[in-house]
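S.K.: On the provided structure of chain A, position chain B as indicated by the hints.
In case you want the letters, here they are:
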Amino acid sequence: MIRLMGLVSLICGLLIVGAHVGTLDAIRKNQEILTREAIGELLPGLQKQVIYGVLPSGELTQLRGLEDPGPRFFAGYDKAGVLLGVVIEASGRGYADVIRAMYAYSPQRESIIGLKVIELKETPGLGDKIATDKSFLANFLGLAARLNGDRSGLEHPIQAVKHGSKKNAWEVDAISGATISSRAVGRMLDKSARELLPLVVRHRQRIERGE
Amino acid sequence: MEAFAAGLWKQNPVFVQALGMCPTLAVTNSVRNAIAMGIATLFVLVCSNTLISLVRKLVPRQVRIATYILIIATFVTIVEYLIKAVSIPIYKALGPFIALIVVNCIILGRAEAFASKNTVGKSVLDGVGTGLGFCMALLCLGSVREILGAGSFLGIPLFGAGFQPWVLFLLPPGGFFTLAGWLLAFSALEQRRKGQRERNEIASASAAAEVRA
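Each protein sequence line maps, in turn, to chains A and B. When the letters of the first sequence are read in order and numbered with this note's numbering, they come out as residues 1276 to 1486. When the letters of the second sequence are read in order and numbered with this note's numbering, they come out as residues 3 to 215.
Check each hint, because a few of them may be wrong.
Cross-link-like lysine-lysine pairs, in silico, DSS-like; alpha carbons within 30 Å at most [as the list claims (entries may be wrong)]:
#1 A:1391 / A:1466
#2 B:12 / B:59
#3 A:1396 / B:86
#4 B:196 / B:12
#5 A:1441 / A:1466
#6 A:1409 / A:1391
#7 A:1391 / B:196
#8 A:1466 / B:94
#9 A:1441 / A:1391
#10 A:1442 / A:1391
#11 A:1304 / A:1396
#12 A:1466 / A:1442
#13 A:1304 / B:94
#14 A:1409 / B:94
#15 A:1354 / A:1391
#16 A:1396 / B:94
#17 B:86 / A:1304
#18 A:1409 / A:1441
#19 B:59 / B:119
#20 A:1354 / A:1323
#21 B:59 / A:1391
#22 A:1396 / A:1466
#23 A:1396 / A:1354
#24 A:1466 / A:1437
#25 B:124 / A:1323
#26 A:1466 / A:1323
#27 B:94 / A:1323
#28 A:1323 / A:1391
#29 A:1409 / A:1396
One side of the interface only, derived from the structure: several residues of chain B facing chain A at Cβ under 7 Å [unchecked claim]:
#30 72
#31 76
#32 86
#33 94
Hints listed in this document are in silico derivations from the structure and should not be mistaken for laboratory results. Heads up, the beta-carbon is just placed ideally off N, CA and C, and yes, glycines get one too.
Isolated chain A (complex conformation):
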């Protein structure tokens, strides 16, 4: 009996390993295409991209693929090699489940210049508008994300405000009927920007050279 179960397990194990090895390349390629498409959408005119990983010491290192774990961001350049902006991944709890998004930041303009929601399970018809609503996404075409005096964080926290009450350039005009999801987007941008933007600004020259 034990020998038989061992044999069945062995066969099953081999099948799984076979499937894993067989699909590894295709899965990696799919992921790369998806990320590239998202970055291209956020930074129109994209020709070249460099992936930077953030070391625990706060230094940057160039990554070759998407597998390396840890915080990272993508720098995009146009045909002439001029930095278009950096694309950062952010995620946070939404109304239903974790929302994942990518946003583009321009060091020249000191603002966020685009947002694309990658993954969400928000309520259809209400919360899921954060991925499609044109006037909501227009918030992120020029959302101020200026650093504070000693460049350790943001001057003003990014946050979503009730629909129609946006007054300042760092506020996000929430979608009415999807306030919780809109707030979640504001919160996750704030958290991610606070952590990563000081690093991007500190290494701006290196990123601009694309090294």
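M.R.: Showing chain B alone in chain A's frame:
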């Protein structure tokens, strides 16, 4: 052939046996998801039926369920990799329900009730029949829900811009409503057929009585 047809219609896993309700309700909010889930389940069902039928004489009774689950889980893992290789958005849309195919009672049910007692050929046919029956049921739910809830079919908009989508049908309650509607339609059809058969019998019986008289 009988094994194949039974799963497809007379013993349809969803509409007749009312099995596998969890994926039936959860991932049928669009036609694309319904098809992906149906094909994934079909694949697991055919593969696990084949392998279980192959080892059916070797597996002792006491450990048969454990062995079946191991085999089913293997094919579910393989299908997970395959879906990821085909399309990551579909993989994300189906989410945890791919892994939950392991505990789908349709699959274990066919393993225990059919594949463990029949030859490989018959078990494959049974797997294909039941799997296609499941696909068909998911497609029935998925198309109604997507047409009413999003006004589209396979992502192609059907109505003009004036259409106000009936979002409820994309939400869990819509799944229950749609399932209830289809179950009602199926049992009404069945009842009518039964009534027809009874009437035919009465007619032929009275005809026979007339002939005798």
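S.K.: None of the hints should be skipped; say for each whether it holds.
M.R.: The hints, checked one at a time:
no., hint, verdict
1, A:1391 / A:1466, "holds (17 Å)"
2, B:12 / B:59, "holds (29 Å)"
3, A:1396 / B:86, "holds (19 Å)"
4, B:196 / B:12, "holds (13 Å)"
5, A:1441 / A:1466, "holds (20 Å)"
6, A:1409 / A:1391, "holds (11 Å)"
7, A:1391 / B:196, "violated (56 Å)"
8, A:1466 / B:94, "holds (25 Å)"
9, A:1441 / A:1391, "holds (21 Å)"
10, A:1442 / A:1391, "holds (23 Å)"
11, A:1304 / A:1396, "holds (25 Å)"
12, A:1466 / A:1442, "holds (21 Å)"
13, A:1304 / B:94, "holds (16 Å)"
14, A:1409 / B:94, "holds (24 Å)"
15, A:1354 / A:1391, "holds (23 Å)"
16, A:1396 / B:94, "holds (10 Å)"
17, B:86 / A:1304, "holds (11 Å)"
18, A:1409 / A:1441, "holds (16 Å)"
19, B:59 / B:119, "holds (9 Å)"
20, A:1354 / A:1323, "holds (8 Å)"
21, B:59 / A:1391, "violated (55 Å)"
22, A:1396 / A:1466, "holds (21 Å)"
23, A:1396 / A:1354, "violated (37 Å)"
24, A:1466 / A:1437, "holds (20 Å)"
25, B:124 / A:1323, "violated (56 Å)"
26, A:1466 / A:1323, "holds (27 Å)"
27, B:94 / A:1323, "holds (28 Å)"
28, A:1323 / A:1391, "holds (19 Å)"
29, A:1409 / A:1396, "holds (19 Å)"
30, 72, "holds (6 Å)"
31, 76, "holds (4 Å)"
32, 86, "holds (5 Å)"
33, 94, "holds (6 Å)"
The earlier numbered hints that this structure contradicts are 7, 21, 23, 25.
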